[in-house]
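In this note's numbering, the protein residues as written are 534 to 639.
Note that these hints are calculated values from the structure, not bench results. Honestly, I wouldn't trust all of these hints.
To be verified - Computed cross-link-like contacts, PhoX-like style, restricted to lysine-lysine with a CA-CA straight-line distance of at most 25 Å:
(1) 602 x 623
(2) 632 x 621
(3) 626 x 636
(4) 602 x 621
(5) 621 x 636
(6) 602 x 632
(7) 625 x 636
(8) 625 x 602
(9) 624 x 602
Note that this is a predicted model, so its numbers are computed, not measured.
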Amino acid sequence: MSNLKSLFDFDQVSLDSVSTNATADNLPGAGRTLGLLYSHAGRHLEVLLGGIAERMGRGPRATFLRIQKNSEIVTLASVLLLPQAAVKAKKKKIERDCKRMLKYVR
Numbered sequence: 534m535s536n537l538k539s540l541f542d543f544d545q546v547s548l549d550s551v552s553t554n555a556t557a558d559n560l561p562g563a564g565r566t567l568g569l570l571y572s573h574a575g576r577h578l579e580v581l582l583g584g585i586a587e588r589m590g591r592g593p594r595a596t597f598l599r600i601q602k603n604s605e606i607v608t609l610a611s612v613l614l615l616p617q618a619a620v621k622a623k624k625k626k627i628e629r630d631c632k633r634m635l636k637y638v639r
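Let's have the full structure, built from the sequences with the hints guiding it.
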């Protein structure tokens, strides 16, 4: 019975025996090599997908450019003699894009 008790005596295991850098990416081994490969590939994939999304009109930069363009149109509406319905639609687009921009900031 005492052997069974010593097998399941978890009080002897402490957090001090677990290394704080047990999952560090600078430790040698196959996991390190794969981890570095995944990190490198992930960075490139993130940049690639971010560029594609921006060209499709997504992302904070594209949203800012839309806000800027629509704001200029609203500002020049009286000079361009735009109908009020068009100005109202542009203001609504600016408001929607501003809300989207706030989501990107959070």
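Against the structure, the hints come out as follows:
1. Under the criterion of a C-alpha separation no larger than 25 Å, the hint pairing residue 602 with residue 623 is consistent with the structure, at around 10 Å.
2. A hinted pair counts as satisfied when its Cα atoms are at most 25 Å apart, and residue 632 with residue 621 qualifies at roughly 17 Å.
3. Restraint check: the Cα-Cα separation between residue 626 and residue 636 comes to about 15 Å, which is no more than 25 Å; the hinted pair holds.
4. With a C-alpha separation of about 15 Å, the suggested pair residue 602 and residue 621 falls inside the 25 Å cut-off, and the hint holds.
5. With a C-alpha separation of about 23 Å, the suggested pair residue 621 and residue 636 falls inside the 25 Å cut-off, and the hint holds.
6. A distance of roughly 16 Å separates the Cα atoms of residue 602 and residue 632; the hinted pair therefore holds under the 25 Å criterion.
7. A distance of roughly 17 Å separates the Cα atoms of residue 625 and residue 636; the hinted pair therefore holds under the 25 Å criterion.
8. Simply put, residue 625 and residue 602 have alpha-carbon atoms about 13 Å apart, close enough for the 25 Å limit, and the pair holds.
9. Between residue 624 and residue 602, the direct Cα distance comes to roughly 11 Å. Compliance with the 25 Å bound is thereby established for this hinted pair.
Checked against the numbered hints above, the structure breaks none of them.
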